[in-house]
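Spelled out, the chains give:
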Amino acid sequence: MSAGAVDISHIFKSFRIKERKKLVIRPVLDDINLSIRPGEKVMIVGASGCGKSTLLRLVAGLEQAAAGSISIDGDVVNGPGADRGVVFQQSTLFPWMTVWDNIIFSRRLRISLNSRDEQVSRAVYRSNALVTLMGLERSVELYPNQLSGGMQQRANIARALVSSPKVLLMDEPFGALDAQTRETMHKVVNHLFNVEKTTVMFVTHDVEEAIVLGDKIIVLSANPGRVDSVFTTESLKRDEDGIVIKNDSVFFDFKEQILSRIRETTTLRATADLLQMVAKTLV
Amino acid sequence: MIALTNIRDSIPRWVYISFSIAGFIIPLAVWQIICSMHIFSALFLPSPERVFKSFERWAASNLWEDTYISAYRVVSGFLLAAAIGVPIGIYIGTFKMVEAMLQPINDFIRYMPASAFIPLVLLWIGIGESAKISIIFIGVFFQIVVMVADAVRNIPQKYIEAAYTMGAKKGEVLNHVIFKGAAPDIFNILRVNMGWAWTYLVIAEMVAADRGLGFAILQAQRFMDTPKIFVGIIIIGILGLLFDLSFRIMHRIFFVWSYK
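If you read the sequences in order, they're chains E and S. Heads up, the first sequence is in the working numbering, so the first residue is 28 and it goes up one at a time. Heads up, the second sequence is in the working numbering, so the first residue is 231 and it goes up one at a time.
Just chain S, same shape as in the assembly:
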């Protein structure tokens, strides 16, 4: 008998995987059962079968094009936010002066809803690709900054002191201790924010889009095409899962030491 309910105890890998699969299968089965009981109209809750058919129809037309353009927007907005947000976060977490200047304003903007910026983005940037990328950027940039700053603050002081006693200069401490030490956490922060970037996709594609998964969902809503809404949401979920998985694998490769 395998003990499955001991606090924090590990369980065999096959059991773990079985439970993970069950976590997907059970909701799917419940969905199927509810549909076969015909409690709700198909307009509100289409059956898995109808959703799959809708997927096939979409796949035959422009699903891949929509997926590609959406992924392009998400990845661009995310990369831009990471490229600017990570260094700023590191500086906020390291230098009190930078913290004093940038942290309060960052926290101030962080609580503003990204969707509220749509009119401004339209006004300032227009309706091109950069407008959609901007919305995703706004959605994750300020989060990346504050989370990276926290990760950097968590580097124990003892490592910084040790580096100084070995003759390291300020820049060397920043590079060899603060950045290297926080890197696994920063990478995890990027993974989490990649997920959030996907959740901003539908909002971003509210901005005068004519292609993309978020746009397709909005349009399906207009035509009461519930199955297609389901497909769109599920595809975004699957893409998010795949991105997450690849981040996890890269983390294991890049930061072998943090698993020792």
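So that you can see chain E by itself, here it is in the shape it has in the complex:
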């Protein structure tokens, strides 16, 4: 599969939650419009609770929007499917399968007794290629619980990519890893993004991670989530491997710009909340 244009138009989403024993409807996403070009690596950042994970789950088809539509290359999303690979913050490798069986899982689902040999060998070839790309050669025979957190996430990424999805959705995939492992994962993923031309939507709360891995950074404002601002990483300095140079004033300024947007959206929200509270007590 190639291409992978994501079109998100007028997405609304709210959750029903209990607040002081009353059922209230809390808007999470409010008129989200995004258009992502094939192959683009889009990072979504924002304060916690801004609905960035919800947005990703909507694209994955794991949640239904209240209004609006999402389409991939013109096909409207109405449920999860193999054209969108997902990597979650917590490993979702099946503990009852070896790493290899986990990685080849989605391909094996479509292989039956009367499948052609060519199809089988393509699945094995693709899985092997991803194992090598993610540096999992020595882990394939192990069970997921025998791997470190970093290795588990490598396997999760390989598994999500094995059926060559049009879009790779990553929901804070390195959020639970230690700083050092995270650094290594950034290198691995940067290389991966160069090899695999798939479109990526990547949710993170780590602005530096977003800058290092993304072409485009989208800041969502919180409560309800709206697209606040969009940044592109084109202007940043890169080394010969195309990796963003971090100890550089351009980088710092850029990071500060994004952080200040996130801060502003949260303070704006806090002020609005305060005003609302005052209004309530007055009425």
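Source of the hints: derived by calculation from the structure; they are not laboratory data. What you are looking at is a predicted structure, and each value in this text was computed from that prediction instead of being measured. Some clues are possibly wrong.
Unchecked claim - Heads up, simulated EDC-like pairs for lysine to aspartate or glutamate below, C-alpha to C-alpha not over 20 Å straight-line:
(1) K399(S) / D128(E)
(2) K307(E) / E46(E)
(3) K243(E) / E67(E)
(4) K388(S) / D110(E)
(5) K326(S) / D337(S)
(6) K388(S) / E223(E)
(7) K224(E) / E261(E)
(8) K490(S) / D233(E)
(9) K326(S) / E67(E)
(10) K214(E) / D233(E)
(11) K388(S) / D128(E)
(12) K307(E) / E283(E)
(13) K388(S) / D242(E)
(14) K410(S) / E168(E)
(15) K399(S) / E90(E)
(16) K326(S) / E391(S)
(17) K490(S) / E261(E)
(18) K490(S) / D337(S)
(19) K410(S) / D242(E)
(20) K400(S) / D110(E)
(21) K399(S) / D205(E)
(22) K400(S) / E168(E)
(23) K214(E) / D275(E)
(24) K273(E) / E168(E)
(25) K264(E) / E46(E)
(26) K273(E) / D300(E)
Said to hold, decoys possible - Over 10 Å on every C-beta distance to chain E, these chain S residues come out as not near it, computed from the model:
(27) S277
(28) A290
(29) Y298
(30) E329
(31) L332
(32) R340
(33) L353
(34) M396
(35) K410
(36) V486
(37) S488
Claimed, not checked - Examples of chain E residues lying across from chain S (beta carbon under 8 Å, computed):
(38) F115
(39) F121
(40) S142
Positions of the beta carbon are idealized from the N, C-alpha and C atoms, including for glycine.
Assemble the complex: chain E is given as a structure, and chain S must be docked to it using the hints.
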């Protein structure tokens, strides 16, 4: 010095085994001591020696036949309950509609004593082997259903979602995620219920039996043959232990991943 009383700390294997053996030896010794003090009449508490003699006598006549027929009844009733109960439990734990329909009635029947069904079983099924098997079936079936349903509900949602995002269809999720994931727990549930099935044996053999360990115990009671009651109970205990052990070994072989 080995620390033996640290919370959840493991202890050397030989110490563990020694304590396990002591757990059997000490009650046996206490039993022997009480008997040699002649506090109770031998009718109430026969000495280990007399119990062993009774065992020898029984073994010379029809102990193996009794054991065989009892094991046959227990295993048949259990297998029947497992074969029907496991799929039903899986469906209850997976589909809310099935849960709504079957869980309340299952819970309702689950609390009824299996022994109370004896008159009905006699009436409906008669006095053959199937009557005894039915009692064991009634004793464990409803427990298997509710426990399997719980095990299935414990499969984390994240695995089900992950399978869907990899293009799995409903049936494939049921087969590759829900069943495979719950399998070790289901197997353990079967192990526990196998134990319970043995405890229903005496009740089952109240139903017009003429052979079997439970029947022999009931008959020994009628003839005040206390040593034989002891033998019968101990044999059932040993059989239960052996079945339990083989289930544990099979669990280790079938579900290697759950020990990693």
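Evaluated hints:
Between K399(S) and D128(E), the direct Cα distance comes to roughly 18 Å. Compliance with the 20 Å bound is thereby established for this hinted pair. For the hint linking K307(E) to E46(E), the alpha-carbon distance of about 16 Å falls within 20 Å, and the restraint holds. Pair hint K243(E) plus E67(E) holds up; C-alpha atoms about 8 Å apart against a cutoff of 20 Å. Taking the CA atoms of K388(S) and D110(E), the gap is about 19 Å. The hint holds against a cut of 20 Å.
Taken as a hint, the K326(S) and D337(S) pair is honoured in the structure, with Cα atoms around 16 Å apart against an allowance of 20 Å. Distance check on the hinted pair: K388(S) and E223(E) sit about 26 Å apart at the alpha-carbon level, beyond 20 Å; violated. Restraint check: the Cα-Cα separation between K224(E) and E261(E) comes to about 18 Å, which is no more than 20 Å; the hinted pair holds. Taking the CA atoms of K490(S) and D233(E), the gap is near 33 Å; set against the 20 Å cutoff, the hint is violated.
The hinted pair formed by K326(S) and E67(E) fails the criterion: a straight-line CA distance of about 41 Å is larger than 20 Å. Pair hint K214(E) plus D233(E) holds up; C-alpha atoms about 16 Å apart against a cutoff of 20 Å. For the suggested pair K388(S) and D128(E), the alpha carbons sit about 18 Å apart, so the restraint of at most 20 Å is met. Between K307(E) and E283(E) the CA atoms are separated by roughly 36 Å; this puts the pair beyond 20 Å, and the hint is violated.
The hinted pair formed by K388(S) and D242(E) fails the criterion: a straight-line CA distance of about 29 Å is larger than 20 Å. Restraint check for K410(S) and E168(E): the C-alpha separation of about 18 Å stays at or below 20 Å, so the hint holds. For the suggested pair K399(S) and E90(E), the alpha carbons sit about 17 Å apart, so the restraint of at most 20 Å is met. Under the criterion of a C-alpha separation no larger than 20 Å, the hint pairing K326(S) with E391(S) is consistent with the structure, at around 17 Å.
Between K490(S) and E261(E) the alpha-carbon distance is near 46 Å, which puts this suggested pair outside the 20 Å criterion. Of the supplied pair hints, the one linking K490(S) and D337(S) is violated, its CA atoms being roughly 35 Å apart against a limit of 20 Å. In summary, the hint linking K410(S) to D242(E) is not supported, as the alpha carbons are separated by about 40 Å, beyond the 20 Å threshold. Of the supplied pair hints, the one linking K400(S) and D110(E) holds, its CA atoms being roughly 17 Å apart against a limit of 20 Å.
Between K399(S) and D205(E) the alpha-carbon distance is near 35 Å, which puts this suggested pair outside the 20 Å criterion. Between K400(S) and E168(E), the direct Cα distance comes to roughly 28 Å. Violation of the 20 Å bound is thereby established for this hinted pair. Proposed proximity of K214(E) and D275(E) is supported: the alpha carbons are some 18 Å apart, at most 20 Å. Distance restraint check for K273(E) and E168(E): the Cα-Cα separation of roughly 37 Å exceeds the 20 Å cut-off, and the hinted pair is therefore not satisfied.
For the hint pairing K264(E) with E46(E), the CA-to-CA distance comes to about 48 Å; that exceeds 20 Å, so the pair is violated. For the proposed pair K273(E) and D300(E), the alpha carbon gap of about 36 Å is over 20 Å, so the pair is violated. No beta-carbon of chain E comes within 10 Å of the beta-carbon of S277(S); the shortest separation is about 52 Å. The claim that A290(S) is not at the interface with chain E holds, since no C-beta of that chain comes within 10 Å of its own (minimum 49 Å).
The Cβ of Y298(S) lies farther than 10 Å from every Cβ of chain E, with a closest approach of about 37 Å, so its non-interface assignment holds. No beta-carbon of chain E comes within 10 Å of the beta-carbon of E329(S); the shortest separation is about 22 Å. Interface exclusion of L332(S) from chain E stands, the closest Cβ pair being 27 Å apart, more than 10 Å. With a closest Cβ-Cβ approach of about 29 Å to chain E, R340(S) is found to remain outside the 10 Å limit, as its non-interface label requires.
For L353(S), the shortest C-beta to C-beta distance to chain E comes to about 46 Å, beyond the 10 Å cut-off, and the non-interface label holds. Distance check for M396(S) against chain E: the nearest CB is about 4 Å away, which does not clear 10 Å, and the non-interface claim fails. Not every beta carbon of chain E lies more than 10 Å from that of K410(S), the smallest distance being close to 5 Å; the non-interface claim is violated. Its closest Cβ contact with chain E, about 8 Å, brings V486(S) to no more than 10 Å, contrary to its assignment away from the interface.
Against the 10 Å criterion, S488(S) falls within the reach of chain E, whose nearest CB is about 7 Å from its own CB. The interface hint given for F115(E) holds, since its Cβ lies 6 Å from the closest Cβ of chain S, which is under the 8 Å cut-off. Because the closest C-beta pair between F121(E) and chain S is about 6 Å apart, less than 8 Å, the hint holds. The beta carbon of S142(E) comes no nearer than 15 Å to any beta carbon in chain S, farther than 8 Å, and the hint placing it at the interface is violated.
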